[in-house]
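Taken in sequence, the protein lines are chains F and S.
No gaps in the numbering here: position 190 of the first sequence is 190 in this note's numbering, and each next residue is one more.
For this note's numbering, count along the second sequence from 1 and bump the result up by 388.
Among these hints, one or two may not hold up.
[Said to hold, decoys possible] Computed, partial: chain F to chain S, Cβ under 7 Å:
no., residue
1, L2
2, F5
3, S6
4, A10
5, F15
6, Y30
7, C114
8, I219
9, K225
10, Q239
11, E242
[What the hints assert, rightly or not] No farther apart than 30 Å at their CA atoms in a straight line, the calculated lysine-lysine pairs in the DSSO-like style are these:
no., chain 1, residue 1, chain 2, residue 2
12, F, K12, S, K445
13, F, K8, S, K729
14, F, K121, F, K161
[Claimed, not checked] With beta-carbon atoms standing in for the labels, derived distance ranges:
no., chain 1, residue 1, chain 2, residue 2, range
15, S, E515, F, N33, 34 to 44 Å
16, F, V64, S, E475, 46 to 56 Å
17, F, G31, S, R765, 28 to 38 Å
18, S, E624, F, R125, 28 to 38 Å
19, F, D130, S, E630, 51 to 61 Å
20, F, E171, S, K420, 46 to 56 Å
21, S, I621, F, E170, 47 to 57 Å
22, F, E76, S, K417, 53 to 63 Å
23, F, K29, S, M389, 57 to 67 Å
24, F, E171, S, E630, 40 to 50 Å
25, F, T376, S, R685, 37 to 47 Å
Honestly, the hints are just simulated from the structure, not real lab data.
Glycine included, C-beta positions come from ideal geometry on N, C-alpha and C.
The residues making up each chain are set out below.
Protein chains: 2
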Amino acid sequence: MLGNFSYKNATKLYFGDDSLKYLNDELPKYGKNVQLIYGGGSVKRNGVYDAVMQILKANGKTVVEDAGVMPNPTAEKLREGVRIARENNVDLLLAVGGGSCCDYAKAVSVSVHCDDDPWDKYFIRFEEPDCEIVPVGCILTMAGTGSEMNAGSVITNHEQKLKIGHVFGEEVMPKFSILNPTFTLSLPKRQMVAGIYDIFNHICEQYFSGEDDNTSDYIAEALMKSVIHSSLIAVEDPQDYEARSNIMWSATWALNTLISRGKTTDWMVHMLGQAVGAITDATHGMTLAAVSLPYYRFIMPYGVKKFARFAVEVWGVDPTGKTDTQTAEEGLAAMEAWMKKIGTAMDLSELGVTEDMIEAIADATIILDGGYKALTRDDVVSVLKASL
Amino acid sequence: MLGNFSYKNATKLYFGDDSLKYLNDELPKYGKNVQLIYGGGSVKRNGVYDAVMQILKANGKTVVEDAGVMPNPTAEKLREGVRIARENNVDLLLAVGGGSCCDYAKAVSVSVHCDDDPWDKYFIRFEEPDCEIVPVGCILTMAGTGSEMNAGSVITNHEQKLKIGHVFGEEVMPKFSILNPTFTLSLPKRQMVAGIYDIFNHICEQYFSGEDDNTSDYIAEALMKSVIHSSLIAVEDPQDYEARSNIMWSATWALNTLISRGKTTDWMVHMLGQAVGAITDATHGMTLAAVSLPYYRFIMPYGVKKFARFAVEVWGVDPTGKTDTQTAEEGLAAMEAWMKKIGTAMDLSELGVTEDMIEAIADATIILDGGYKALTRDDVVSVLKASL
């Protein structure tokens, strides 16, 4: 049943190996002061920083730097970004990097003109912005989160051992995003693979819920097949532009609200993975990979028809003469083989998780109930233990 | 190869059986004078007109009526609509109907504040709007054209025997569209089927061109499969809300620019069908259906790999032990069987075309070259003759 919904996504995208030049079309729309947000310096090594800076200067912008956004951006860093924006009367937040930088920019954007502490307001109390929002633009250097065309933001609080995402309203979406697949080519292979699994799991989270025949489910399967196809090429040759560009485009559509329209959604793999991230600071995509198979094998009996459909439509399993459960199990086995082939983390031990950390991770896990089975805390612990 | 492109689609959609109420959220954004655009009166019979009028009145709007938009809106009618808008200082063009009304509203929107004749300016000289554009909203009562979320407009000139579409820029897209699947339930079955084939062909036009491995191709296949699935349910029971709602949602995504991103596109079936429409005034979707199979069988050898992929991915043809040509032929045979099952027109004779009209239709056919083979005029004639 396709439920009732609204849809609007006004982010302007520029996609391709020449797309950075369109920054010249966007900059004149905003005021003079630009906060340039980036991470640990890879954008300096690969030349993207210089290219962006040149365009900013050519457009007469005053640039204030906001460097050092970490892979899991922290509440502390967020407060610093808000301070920088306030002190410099910033007119545009320009994130140059992966999903972490985009997520962080959005969290800053809704906090600059608000008095409350941003962590408490948006990630503990889940309030909506009630103040002016500073516009955000993204120049993406890693495919994965879909943050370039959605209103989501995930922030980590190490003190409180929490990693929490807030999906804001459409007014928080980036005004524009520049997607140049060549910017992703210098990424270390493990980061590329983490991004690929993040994309795949975003689709799974929206697919493994509700009934079977929605247009959204068909589109989800298409995106999964495209990601699988291109990932196998990209792990053989990370410089394959076609594969990397299709991965980048799939990432955007995997999480820009389209494939969740009219459906319930799950998101428990993200809740588990984010809890692992809160305790270990491990790479997001790899935390998802490490818990996915134990989680899906646990919930499969409660959504067996969808898992059987997944096996047939996404993995090409022949269902002839098999029960739905057998077909579904073959699908998950095919998914496991693919994950091994592309080189995702296959368990939590690889990420440094030990048995004595399980209770703390379970404590940090937010339990949602949109999937085929609402987990109990005991279920969370047993999925985590099975993931070790 | 995923080519370079930009993408923005800011139309706000309200989807579902309760979606009309959101007209109350949109109306306050616009001025007092609303031009209410509709067709032959079916919206009066099914109650949609009254429901819309009540909301307009409750929001204090002054309504000026613009009724009688025909299935193939004419240049003459367009000039009348422009006159109505000018005389009444219209602030919002509100189309209540199918794609014809939405297309027409967009053509009016770019013409109200321009001095030139709209037919000559936009459909003969293909100029872009250089004057203020009046905002458009759509309340959709028929699934098919995708006009509710794109910038396309097709206008017919009977005098000149031409039916021409112009795809404008993103600023011409409707500001909002209300998609209530229950509004489509009172449509005559033949109109529903024409709409379904229109959707399917929109996808084909963007799919049968270029190489194979783009994310866009995967999404196109997903939309085709969803349309086929739901169409078979809808022809058995046109009152099946789930099927009709998925058809409506697929229609929007079949032609809102997404699946053409990074690809070349064909559109020759539309060029042929529109020429048939210009001469006969036959229903748009049926003109497409009548020429599709002869056209695809004609071009198949030039794009055989894609047609074989179509057969396998969309129609479930088993390619084992077959040549690509054999697989492709089986796919087109499966498509033919589906068309017969849902009840599309299967040839031009059904639409009143006789052999002596072929030359005039060929004269009215605009030849594009984005598909697997650029047709010559002789090719056009032979495809049309094969369609009789």
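Consistency of the hints with the structure:
{"no.": "1", "hint": "L2", "in the structure": "4 Å, holds"}
{"no.": "2", "hint": "F5", "in the structure": "5 Å, holds"}
{"no.": "3", "hint": "S6", "in the structure": "5 Å, holds"}
{"no.": "4", "hint": "A10", "in the structure": "4 Å, holds"}
{"no.": "5", "hint": "F15", "in the structure": "5 Å, holds"}
{"no.": "6", "hint": "Y30", "in the structure": "17 Å, violated"}
{"no.": "7", "hint": "C114", "in the structure": "25 Å, violated"}
{"no.": "8", "hint": "I219", "in the structure": "5 Å, holds"}
{"no.": "9", "hint": "K225", "in the structure": "5 Å, holds"}
{"no.": "10", "hint": "Q239", "in the structure": "15 Å, violated"}
{"no.": "11", "hint": "E242", "in the structure": "6 Å, holds"}
{"no.": "12", "hint": "K12/F <-> K445/S", "in the structure": "35 Å, violated"}
{"no.": "13", "hint": "K8/F <-> K729/S", "in the structure": "36 Å, violated"}
{"no.": "14", "hint": "K121/F <-> K161/F", "in the structure": "17 Å, holds"}
{"no.": "15", "hint": "E515/S <-> N33/F: 34 to 44 Å", "in the structure": "38 Å, holds"}
{"no.": "16", "hint": "V64/F <-> E475/S: 46 to 56 Å", "in the structure": "53 Å, holds"}
{"no.": "17", "hint": "G31/F <-> R765/S: 28 to 38 Å", "in the structure": "56 Å, violated"}
{"no.": "18", "hint": "E624/S <-> R125/F: 28 to 38 Å", "in the structure": "50 Å, violated"}
{"no.": "19", "hint": "D130/F <-> E630/S: 51 to 61 Å", "in the structure": "38 Å, violated"}
{"no.": "20", "hint": "E171/F <-> K420/S: 46 to 56 Å", "in the structure": "26 Å, violated"}
{"no.": "21", "hint": "I621/S <-> E170/F: 47 to 57 Å", "in the structure": "32 Å, violated"}
{"no.": "22", "hint": "E76/F <-> K417/S: 53 to 63 Å", "in the structure": "40 Å, violated"}
{"no.": "23", "hint": "K29/F <-> M389/S: 57 to 67 Å", "in the structure": "31 Å, violated"}
{"no.": "24", "hint": "E171/F <-> E630/S: 40 to 50 Å", "in the structure": "32 Å, violated"}
{"no.": "25", "hint": "T376/F <-> R685/S: 37 to 47 Å", "in the structure": "59 Å, violated"}
Comparing the model with each earlier hint shows violations of hints 6, 7, 10, 12, 13, 17, 18, 19, 20, 21, 22, 23, 24 and 25; every other hint is respected.
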